[in-house]
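Order-wise, the sequence lines are chains A and B. The working numbering applies: residue 222 is where the first sequence begins, and numbers increase by one. The working numbering applies: residue 37 is where the second sequence begins, and numbers increase by one.
These are calculated hints, taken from the structure and not from any lab test. Hints are supplied without guarantee of correctness; some may be wrong.
As the list claims (entries may be wrong) - Covered stretches of chain B, as calculated for chain A (at least 3 residues, CB under 8 Å): (1) 291-300; (2) 305-312; (3) 328-337.
Glycine included, every Cβ here is placed at the ideal spot set by N, Cα and C.
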Amino acid sequence: MNQSVLDVHQLNKIYGKKSEKQFHALNGVSFAMTEGEFVGVMGPSGAGKTTLLNVISTLDTATNGSVKIAGTDITTMKQGQLADFRSSQLGFIFQDFNLLENLTVYENIALPLSLQGVSVRKIKPAVESVVAKLGIESILNKYPVTISGGQKQRVAAARALVHEPALILADEPTGALDSKNARSLMETMVHLNENHTTSIMLVTHDPLSASYCERILFIQDGKLYKEIHRNGTRGEFHQDILDVLAQFASPDLG
Amino acid sequence: MLLKLSLSSMRKLAKDYMVLLFGLTISIAIFYMFETLAQNKAFLEANSLISSIIFVFHVGTFILGIITVFYIFYATSFLLSLRQKELGMYMTLGAKKHKITQLMFMETFFVGLTALIIGIVVGVGLSYGIAELLMWQLDFQGGGFQPLYPSSLVTTILFYIALFFLTSIVNAWRIGRKSVLDLLHSGQQQDQVKTSGLRTFLGVVLSVILIAVGYYAMVNIAELMEFGIILATVTIIPGTYLIFISLLPYLVKKLKQNRNLNEKGINSFTLGQLRFRMLNLMMVLGTVAMLIALGLGAMTAGTSFYHNIGIQSSMFHANDVILYEPNNSEKEMLASMEVTKQQEYRYKVTSEGVYFLKTDLESDPPEVMTFEEGSEGFSPTTPNATLSEEEYTLYGGEGMPELPGNWWTAISTELGAGTMFGNRSLFVYGASNYQEVNGEEHQVILAQVDDFTAHLTQLELLNASQKTLAEKYTGNQVEQLGGKYSNYVALKGFASGTIFMGIFLGIAFLMMMASVLMFKLLSSAGADVDRYSMLRKIGVRKTLLVKSIYRELFLLFLFPAIVGIVHVVIGMQMFSFIIIEPYTKIWIPLTLFFVIYGIYYFITVQMYKRIVLPKQV
Ligand SMILES: Nc1ncnc2c1ncn2[C@@H]1O[C@H](COP(=O)(O)OP(=O)(O)OP(=O)(O)O)[C@@H](O)[C@H]1O
Ligand SMILES: [Mg+2]
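Could you put together the complete structure from these sequences and hints?
Here you go:
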């Protein structure tokens, strides 16, 4: 059960070519995640959170360091394998949604299933069950341009969850949601996490959303800065998170 | 300030502006090319087999004008789509609306004028290049053709200035009408096309009626004449656009509603791509179909005229080669061809007359072309009248009977004796009388070959040496000998102008067709890049993306080709009163078209792939 699902070792990411001005977005980040874990990532804007997710999800390549997912070093995988891996094993909720504006909400959500060759008979119930959890049943036939920001975010979440992937990478999935909708999205994720042993890595600025996690990694300037575990209730964990965030704010930390 | 901002962003969009300029430039160049022919009345009248050619070109100008108007409106709306998000942004920052509309007007007009200048230069260059190439290929002098034709220049400039003025106003008006929010979201908005079953049904019925009337007019062009051409024009063009407007959205909708199809693999995306810019798509496909019809039609008509020469020259001659007094080199030349039938006849020549030996003619009569009632036309037969007298003359007189029935044709046409021997009288004598004629005896060979047009080079040489012989007999310069080859050369002289026009216009229209398709792809590529990168992010294999591109473009290429080709096949009926068999060898231009179109499809797919597919998947 306690197999490692993700093993990140000494990850570096430098933007910009050698000749240009370079920027170190990730600076030797190392951590591991066991199967079924629910990990949060927090840190100030520009800290490198999205970069970290992109490298883990194989969308971007690391400058050096290794990323192992379920024991396989993804840096050695072939292009086609990576694509298959992303479509079957990963669910990605992007910070900027990334919905296809030429497809309806329903078609957007159904796409990962279609791509995996799931039979048409099974697609509809799967889509309907996930949209019911996220409360977006009424907009299924609309196009992305005609729905609200929060609705878009939930559609993006539905698309990432619909095929019940082994690892969900979520980049601020609750950023555009009110607290009620944020809570129901988080509960959906917890449900998946507990009932389907889906591993989840969640980037968020919202302490309340973060309190659903079992463990929080704090990142600053591309480095792992602190790590806290949830020992008691969610309420207590919420308080712990707020405390750490308060330290961030204090200037003496540098 | 706004102008400065706008200029700097124009620089950023340089690639897109290049695409737009390319699209406009080709259209202008082609229009000009067409006009160099259409307005050069002297050239047309001197070189056409079609009597109402001036009128045909008037109608052609009208058709091309309409297609161009559609296309230019479509192309300049691309400019609108490029700029509206940014202009909307300026408005949220406080720019006044009338400033924005003014800016849009100026920009459209400016881009149009730039394209006009480049387009004219390209048009003159193309006219010159293509005309030179064709004249060389067709061995056609083409006197009077001018690649730089002032009145065509003026027409093109005036037409496009008016058109750009109009599109500028429309662009400005369209941007003025939209709210700031619409402008900001314009890139993501789907075209709204209503598709109720009844609407589609009525649309399809109407377009079928229109096209049917047009086809009727084309098939019966011999009776309807100029009215038929006008009728075909005003029915087929709207019919063609209408068929795409009514059927295409309906079809895509139906395909999308088929869940088994839509929810399989990447199909939903492929179909979504087709549906997203449906209004543009309908315009583009209608335009492409019309251009294929015109281009392929002109090309096919041109080649038909070409094949017609062969057919027409065979109409009056059963035999392909006549060799009087054949020398060795002539005999060798003849042996080098695939001879299917060869006959020899003896004759004697004196200073007054030529005497053919009757027994030779009777024992192996030459074939002549005769028209048989009820049959398709002329067919080769042997003369049926018996030659009971001992002496005949060709034209009567001298107390002798005239040659009966087809024998007359055999001597004058098949043996071409009239032109060979100048003023000498022609006789056919029985054996004993022939003996008494005091003249040199010679031989003439008549031959038929398997494929006349395949041996044109040899036939030309034989014709030349026979001409020398004829000049020896007549003592004069001989312009044209009798016989099939001379006839062929004469007909070719008449037809080559028409063939030239057909192929010249064919190339022009097909080039424009290619540029319209290319423009459609390039102009939507920008937005597609984002979509393909999103697909990559959710883990779509590259092979699947490529497959989607192949399919999407295949449909784009397929629909207009079908419609265009049907137009062409029916349209060829228009020439049936002037071309004997308009459909002979029609497969040549059609196959050529399919091959080139297919290659073009693959090139387009490769280009599009390079543009839209993410670098690393
Ligand atoms: N493609 C890129 N090229 C150069 N620099 C980049 C690129 N993408 C991100 N950066 C820089 O890397 C740093 C980390 O970016 P990243 O997007 O990972 O931040 P983040 O932690 O997700 O921030 P936020 O919470 O605001 O989303 C930032 O300073 C950013 O400017
Ligand atoms: Mg981020």
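These are the hints, each one checked on the structure:
no.	hint	verdict
1	291-300	holds (count 5)
2	305-312	holds (count 5)
3	328-337	violated (count 0)
The structure does not agree with numbered hint 3 stated previously, though it agrees with all others.
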